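All chains, full assembly: derive it from the sequences and hints.
Just so we're aligned, residue 1 is where the sequence shown starts under the working numbering, counting upward by one.
Calculated from the structure, these hints are not laboratory results.
Incorrect hints may have been included.
[To be verified] Derived lysine-lysine pairs resembling BS3-like cross-links, with alpha carbons at most 30 Å apart:
id: 1; residue 1: Lys-136; residue 2: Lys-22
id: 2; residue 1: Lys-81; residue 2: Lys-136
id: 3; residue 1: Lys-22; residue 2: Lys-81
[Unchecked claim] Distance windows between CB atoms, simulated:
id: 4; residue 1: Asn-63; residue 2: His-113; range: 31 to 41 Å
id: 5; residue 1: Pro-94; residue 2: Thr-28; range: 12 to 22 Å
id: 6; residue 1: Arg-34; residue 2: Ala-97; range: 30 to 40 Å
id: 7; residue 1: Ser-123; residue 2: Leu-12; range: 12 to 22 Å
Keep in mind that this is a model prediction, so the values were computed, not measured.
Think of the CB as a built atom: it goes at the ideal place given N, C-alpha and C, for glycine as much as any other residue.
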Amino acid sequence: MNPFQSLREYELFVYSLPQQFKSIESSTLLLIQRGRHYAELTGELFFGRDFRLSVYERLVWENGGLQIEGYSYEAWHGNDKIYWYDSQPHPDEPTLASTHPHHKHVPPDIRHHRVPAPGLSFSEPNLAILIQEIEKMIVVDR
Numbered sequence: 001m002n003p004f005q006s007l008r009e010y011e012l013f014v015y016s017l018p019q020q021f022k023s024i025e026s027s028t029l030l031l032i033q034r035g036r037h038y039a040e041l042t043g044e045l046f047f048g049r050d051f052r053l054s055v056y057e058r059l060v061w062e063n064g065g066l067q068i069e070g071y072s073y074e075a076w077h078g079n080d081k082i083y084w085y086d087s088q089p090h091p092d093e094p095t096l097a098s099t100h101p102h103h104k105h106v107p108p109d110i111r112h113h114r115v116p117a118p119g120l121s122f123s124e125p126n127l128a129i130l131i132q133e134i135e136k137m138i139v140v141d142r
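This is the structure:
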């Protein structure tokens with residue numbers, strides 16, 4: 001199954017994430033069609049040890065497949081934002097050219113310290129990669 005084949009396929013993928021990833025304790029993800037060719041995915045995935053992933057995706061489709069038009073993914077541990085990903089272009093930052101516009105904000109100076117984000121895409125689901133990243137942190141935090 002290609003989750004980006006249609007909005008319905010992606011909806012099934014999103015709502016089955018807790019069955020696919022046993023580390024997810026609960027989900028508030030909600031996929032809502034906002035227009036004829038536009039939808040938004042918003043909400044959070046909750047994990048053990050007080051980790052959570054806040055998700056926002058703006059999705060579009062026209063001739064067949066689904067595309068992510070923009071996103072923001074924030075990883076939290078308790079009340080601390082530990083990193084986030086976004087697709088805001090920074091064309092004048094050569095260190096991000098390899099994955100432009102995909103990048104990750106990391107400490108120190110999390111607002112301005114950006115690194116490339118290999119693996120993130122507009123044409124494929126990103127959620128599995130992000131969940132696996134949190135799962136690795138849960139193991140390290142033990």
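> Out of the numbered hints, which ones does the structure contradict?
Replying inline: Of the numbered hints, just 5 does not hold.
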